[in-house]
Every structure is written in C-alpha cells, then in structure tokens.
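Participant: The chain contents come next:
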Amino acid sequence: MANPVPTECVEALYQVTGGDYEGVVARLRNNDRIAKFVTMFADDPSYQNLISNMESQNWEEAFRAAHTLKGVARDMGFIVVSENASEVCEALRANNPDLAKELLPALQEEYTRVAEAIAAFRQ
Amino acid sequence: MRPIATNDTTKNTILIVDDTKMNRDLLIDILEDKYNILEAEDGEQAIAILQQHAAEISLVVLDMVMPKVDGFGVLEAMNKYRWIQYIPVICISTQDDPEFIERSYNMGVTDFINRPFDELIVIRRVDNTVKLYAKQRQLMNMVANEILEKERNGNLMVTILSHVVEFRNGESGMHVINIGKITEILLAEIAKHTSQYHLSYTDRDLIVKASALHDIGKISIDEHILNKPGKLTDDEFEHIKTHTVIGHQMLADVPFQEEPLIKASREIARWHHERYDGRGYPDGLKGDEIPISAQVVALADVYDALTSERVYKPAFSHEKAVQMILNGECGSFNPLLLECLVEAQDTIQQELSKPGQVFDSFEELQAITPAIQNTESLDVTEYVLGQLDTERQKNHFSAEVSRELQFDYNAAFDTLSIPVWASKRFEVPTSISNPTENEKLIEVVGADTIEGLREAIRQTTPHDPLIRLDFTINDNGDRYDCTIVAKSLWAYDDEDEAQLTGYIGKILRRDKPSDWLEAPFELSSGHGTTYIHNVTPEETSN
Chain G
1 MANPVPTECV EALYQVTGGD YEGVVARLRN NDRIAKFVTM FADDPSYQNL ISNMESQNWE
61 EAFRAAHTLK GVARDMGFIV VSENASEVCE ALRANNPDLA KELLPALQEE YTRVAEAIAA
121 FRQ
Chain D
1 MRPIATNDTT KNTILIVDDT KMNRDLLIDI LEDKYNILEA EDGEQAIAIL QQHAAEISLV
61 VLDMVMPKVD GFGVLEAMNK YRWIQYIPVI CISTQDDPEF IERSYNMGVT DFINRPFDEL
121 IVIRRVDNTV KLYAKQRQLM NMVANEILEK ERNGNLMVTI LSHVVEFRNG ESGMHVINIG
181 KITEILLAEI AKHTSQYHLS YTDRDLIVKA SALHDIGKIS IDEHILNKPG KLTDDEFEHI
241 KTHTVIGHQM LADVPFQEEP LIKASREIAR WHHERYDGRG YPDGLKGDEI PISAQVVALA
301 DVYDALTSER VYKPAFSHEK AVQMILNGEC GSFNPLLLEC LVEAQDTIQQ ELSKPGQVFD
361 SFEELQAITP AIQNTESLDV TEYVLGQLDT ERQKNHFSAE VSRELQFDYN AAFDTLSIPV
421 WASKRFEVPT SISNPTENEK LIEVVGADTI EGLREAIRQT TPHDPLIRLD FTINDNGDRY
481 DCTIVAKSLW AYDDEDEAQL TGYIGKILRR DKPSDWLEAP FELSSGHGTT YIHNVTPEET
541 SN
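Chains as they are written, first to last, in the numbering used here: chain G, 1 to 123; chain D, 1 to 542.
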C-alpha cells in the first residue's frame, strides 16, 4: 500500500453511498484494507459480466456473475447493491429470466451510484 | 498461481480456491501474515495444484460456485485421491441452503466461512482447523511408525533365517534379496496380464516374503555336498534334491499352519524345483498343478543363479540369461510367465542394479500398505509414503551430486552402499555385500582402515555415535589422503536396548578436493541412467 488513506475519506465515501461503514470496520478492522478493497470492488468485472450475459441471454453465466457481485458487495458493506444483486441472482436460479430482467434496472441504478462515488473517492 | 518455491518453510501452506480475484485477494490480505498461500482460479487449477503439492498443503479454502469444475468437483477429486483424509477443507458460503450444507459435509468439508468475510472469524476458523489436523497427522504418523516397527521385526526374523541358509550354501546375502525383487516384479506383471491366479496385493506381498525361505530345507543337507566345487555324483544330487521335501516338512511342523505366510512358504519350499512340463522334482507336478507362487520363485531362482557368479560358472549378462531361459536351456516354464519375464525384463534389470535401500523405509512401508489400508478411515499410506519417497529421493540425489563420497552401511543386510560415480571409479558395486571381505574394497581403502573403522564403530554408543578416521585411499594406483567421518545409527528394541542398525558417513579428500567433481553426474534409479548435468568445475565457475 502506498500512503495511508485518511479515515475521514473512507467514512465520507460510505456516507455518500449509504454503505454499512460500521459493519465493514468491525469485520475488516483496517482502514487501508477497506480503502484498497473498495477500489478493487469497483474494478471487479462481475457487474459488467452480469450486464453482458443478461444481454446475450447467457443465463448460467449471468447467474454466476450476480452471485459474485452479491458476495463482493456484501463484503464491502454495499448492502443495497448486494440485495439487488441477490434478487437478480435468485430470479435466475429459479429459471425466471423475465423477472431477472425486470429487477436489473434497480441494481444498475444503485451500482452506478456507488461506482461513481468510488471513482470520485479515488481522486 | 504463486510459486511454492518462495515459501517460508516455517509457515503452513493453504490453498485458496475462488474464481473471483477480489475474494482471493481479500482472503490473502487477511491470511498472508501467518500462512504461505497458493491460489487457484477454478476447480481444475485447484486439482492440478493438489496433485503436485498435496503433501505440503495444510488446508483448502474453497468457493463452491465456480465455472468449469465447481467446489463439489474439487471435493469429488479430493475424495477420489483421498486427500480429503488429511487435508481439511473450509467452504466459503453465501448460501444458507441446508441441502447445500449437508451435501458439503457429506463430502468431507470440515467447516464453513460465511460471507461477508470477518477477519477475526476467518483467521480463527483457519487456525483452529489447521491445528486440529496437524495433531491428527501427528497421530497418523505415530500409528504408521508403530506398524512399520512391528513389520520390521517380522521381516528381520525371515531375513535372519534365510541368511542362515545362504551362509551354509556359500551364497551371498543378495540372493534372497534378488529373488524377492524378481518375484515381486513378475507377480505384478502376471496380475496385469490375468486375474486367473487371484493375485491381490496382499497375496503378492506374502509370496515375496515367503520366497525368502525357499531353500530352508538345505540346512539339513551336508555342507560338503552343498559346497562341493566339482561335479556331483548321482547320489549326492539325489541327496540335495531332498531339500524341497525337507523344507516343506520343516514348515509343516511349525504351528499356525493356516497362516497364509506359512502356507505360501510350504508351497514354495516343496515345489520350486518342479518343471512346467512335469519333469521336475520332488513330485513331478505339471502345468498349473504347481502353485503360481512356486512357479514364479523357480523362475526367479534360475534367473538369479544365471546372472550371479558361482564356483562352477561366471555371471552371465542379463540378456544372455533371459535368452537361455527363453530357449528352454534352464528348465520348462509356464508360457505366460515367460511372456511376463520378457515384458518386465527392463524393470528386473534396473531393480537388481539398484543399491540396497539402507534407509529401508520406502520398500518396507510399501509392503505394509495393505495392513494400513485395512484399518479403515486411517488412510495414512499415501501421505506417509509420499513423504518418505521424497526423502529417499532427496537423499539419493544429494549422495550422487555432492561429490563427497557418501556411504551407508546396513547391519541387517551387511551391505555397504556407495554412489554410482564412486562405484565406477573404484570398480566396486554400488551395493557391496559383506564389505569387510570385498577384495577390491580392501585394495582401495586398505585392510588397516577397514579394521580401524570396525573397531571405532564398535566403540560408538547412541550418545557418542561419531567417528573420524584419517587414511590414504588407493585410487587405481593414485594415492591420496582422506578423512572418513561417520555416524553410527541406532534403533531401540522392545526392551529399550539400543541396537546398532548401521552407519552413514562421508569420505572427504584432504588434497585436490575438486578432482571427484569431474566424474559425470549420474543417478541410479528405477528409470535407468539419467544424466543430469555434465559440466566440469571450470565451467561452473564461469
């Protein structure tokens, strides 16, 4: 890790995105670690995989991407993203792609909001 | 995958299997202070890594949802190869699906880590599981050693007995060892060809052990006849022939007649001079009336006699011996057996040229494989065998390449082993039986040295096992000063008395120490001669 990231910055990021800051601190215990993995979350390809596989109707791959996204978002305390991804994931698990498509925009909106905040935080 | 070579050997190694890089990185971030980490991006990679490093891995952290081979696929492989018996698995799960959890437990998973990851829980679960299994491994090794010890005592008795017989016959102690090796190889080959003789591993192992006693009846034959250098009279030959029936009778008089080992020994003692065409002795049995055990030992006996030097004949080459057997010059054998001899002849030749296993762990442990496998759920063999084999190979390799003249002596077999290069240079075998009476060896190191060494060893104790002795070596007329440094090896018997089992040591040159480096690097292994490198010290220093 390069320079330590000020705690306030990380905290501010979670305030902007509505993430579970206390939860993340309690579990990961280290501000630098949180900062490092927040940016890694933004770089994780699962969201892009989910979108492209939904478009190409590759439901199995889409399911796996949603499942991963749900997990990593939950790890980083982005609970709404995680819950939205979980709904898409469950719809796909139940072989209901139509429902998944219906649920996707909410996830897209929430993910974009968090991703933008992280992009701003990076600078 | 991270290279395992950079590992810190004081840390345990864990394998993290997850298709999501971020998950792996987060787990690594949490665990890397205390553990060496191997990473696999999917199930296929995980299995490949386990295949190479199973013995070094203390724990697998496994994601279940992955492309290609998923977590259940990895568990399946771990069950198939029995890694699951000694490598614990912790599953990463976001699912609370009871069916999923039950299925994982049924496949041998030890514990779960739930998402989202909590540093404290991840560390504690991993630590606890690694510690628990370390204890279990320790116990498995203890049990394996215990079994090994029992087995060794049993084998020792058979070895002593067969050596007594050979001593009277004027044969070398290698004959029994060679017959055992050839018998083992031929039996394995037969089992590959056909199931008609029902040769399970246990059966084969028994026959190999029993083969050591094939000539036990000879202890009742007059020594003068046994060792007569000239041609035998008809009467004398008839007398020698009785060793088969007498051997059988001796073994029929011991208790435990139903013991498979005794039964196999009886068959072999009586019928190892029968011929497949019915013209052998003592009973003139024909074809498969002769038990397969006796058929195989008969062939092994003939082969070893042909390739060994005797008072009345030189040692024939391997090729010549096989040719003579196939031409029917040395008796009549089961065609299937001859086919197996041809198939396995390279293996036989290689195995017989191998130096004796002074650290006899691997071969002996191989023999106890079935014993351990029978103790259900305690499948330590693969793990322990793998470790021992690695040690043996390391030892063998460093003996060959170090260019110090490393040697070891096994008291039970009275056999001295030296590296291949030294054997070639001094024109002595790599495995010298009865070394104190080997003329060539006496010429090289001198009778005084051998006597001095013997005396020095006699004075060692388990607490004071080291020996140092200066002497002059005679390297084909070229003389130079050397120092022997050796350590006597001890084992404790049932009464806790220390017994000398042998010694290991090195001969160091006190002049021109680089000279020995010029010999080509060679290993004698089961795979023939392997040239590793062929550089002289000058080239290496460039």
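Worth double-checking, as some hints may not be accurate.
Quick list of in silico lysine-lysine cross-link-like pairs, DSS-like style, CA-CA up to 25 angstroms [said to hold, decoys possible]:
| # | chain 1 | residue 1 | chain 2 | residue 2 |
| --- | --- | --- | --- | --- |
| 1 | D | Lys-11 | D | Lys-192 |
| 2 | G | Lys-36 | D | Lys-21 |
| 3 | D | Lys-34 | G | Lys-36 |
Which residues of chain G face chain D? A few of them, derived with a C-beta cut under 8 angstroms, are [said to hold, decoys possible]:
| # | residue |
| --- | --- |
| 4 | Leu-28 |
| 5 | Arg-29 |
| 6 | Asp-44 |
| 7 | Ser-52 |
| 8 | Thr-68 |
| 9 | Gly-71 |
| 10 | Arg-74 |
| 11 | Leu-99 |
| 12 | Lys-101 |
| 13 | Arg-113 |
Chain G is nowhere near these chain D residues, computed Cβ spacing over 12 angstroms in every case [said to hold, decoys possible]:
| # | residue |
| --- | --- |
| 14 | Ile-37 |
| 15 | Lys-80 |
| 16 | Asp-111 |
| 17 | Arg-115 |
| 18 | Phe-117 |
| 19 | Glu-166 |
| 20 | Leu-285 |
| 21 | Val-322 |
| 22 | Glu-439 |
I should point out that these hints are in silico values taken from the structure, not numbers from a laboratory. Built from N, CA and C at the ideal position, the CB exists for glycine as well.
Participant: Compare the structure with each hint and give your call.
Facilitator: Hints, verified against the model:
1. D:Lys-11 with D:Lys-192: Violated - the C-alpha atoms of Lys-192 (chain D) and Lys-11 (chain D) are around 43 angstroms apart, more than 25 angstroms.
2. G:Lys-36 with D:Lys-21: holds (13 angstroms)
3. D:Lys-34 with G:Lys-36: holds (20 angstroms)
4. Leu-28: holds (6 angstroms)
5. Arg-29: holds (5 angstroms)
6. Asp-44: Nearest chain D Cβ about 5 angstroms off; hint holds.
7. Ser-52: Constraint on Ser-52 (chain G) not satisfied, violated at 15 angstroms.
8. Thr-68: Constraint on Thr-68 (chain G) satisfied, holds at 5 angstroms.
9. Gly-71: Holds, because the Cβ-Cβ distance from Gly-71 (chain G) to chain D comes to roughly 5 angstroms (cut-off 8 angstroms).
10. Arg-74: holds (5 angstroms)
11. Leu-99: Where the cut-off is 8 angstroms and the nearest Cβ of chain D is about 19 angstroms from Leu-99 (chain G), the hint is violated.
12. Lys-101: violated (21 angstroms)
13. Arg-113: violated (20 angstroms)
14. Ile-37: The claim holds: Ile-37 (chain D) sits with its nearest Cβ about 16 angstroms from chain G, beyond 12 angstroms.
15. Lys-80: Per Cβ check, Lys-80 (chain D) is outside 12 angstroms of chain G; nearest 25 angstroms; holds.
16. Asp-111: With a cut-off of 12 angstroms, Asp-111 (chain D) remains clear of chain G, as the shortest Cβ separation is near 18 angstroms.
17. Arg-115: Its Cβ does come within 12 angstroms of chain G, the nearest being 5 angstroms, so this is violated.
18. Phe-117: violated (5 angstroms)
19. Glu-166: holds (68 angstroms)
20. Leu-285: holds (67 angstroms)
21. Val-322: At roughly 59 angstroms from the nearest Cβ of chain G, Val-322 (chain D) sits farther out than 12 angstroms, so the non-interface label holds.
22. Glu-439: holds (71 angstroms)
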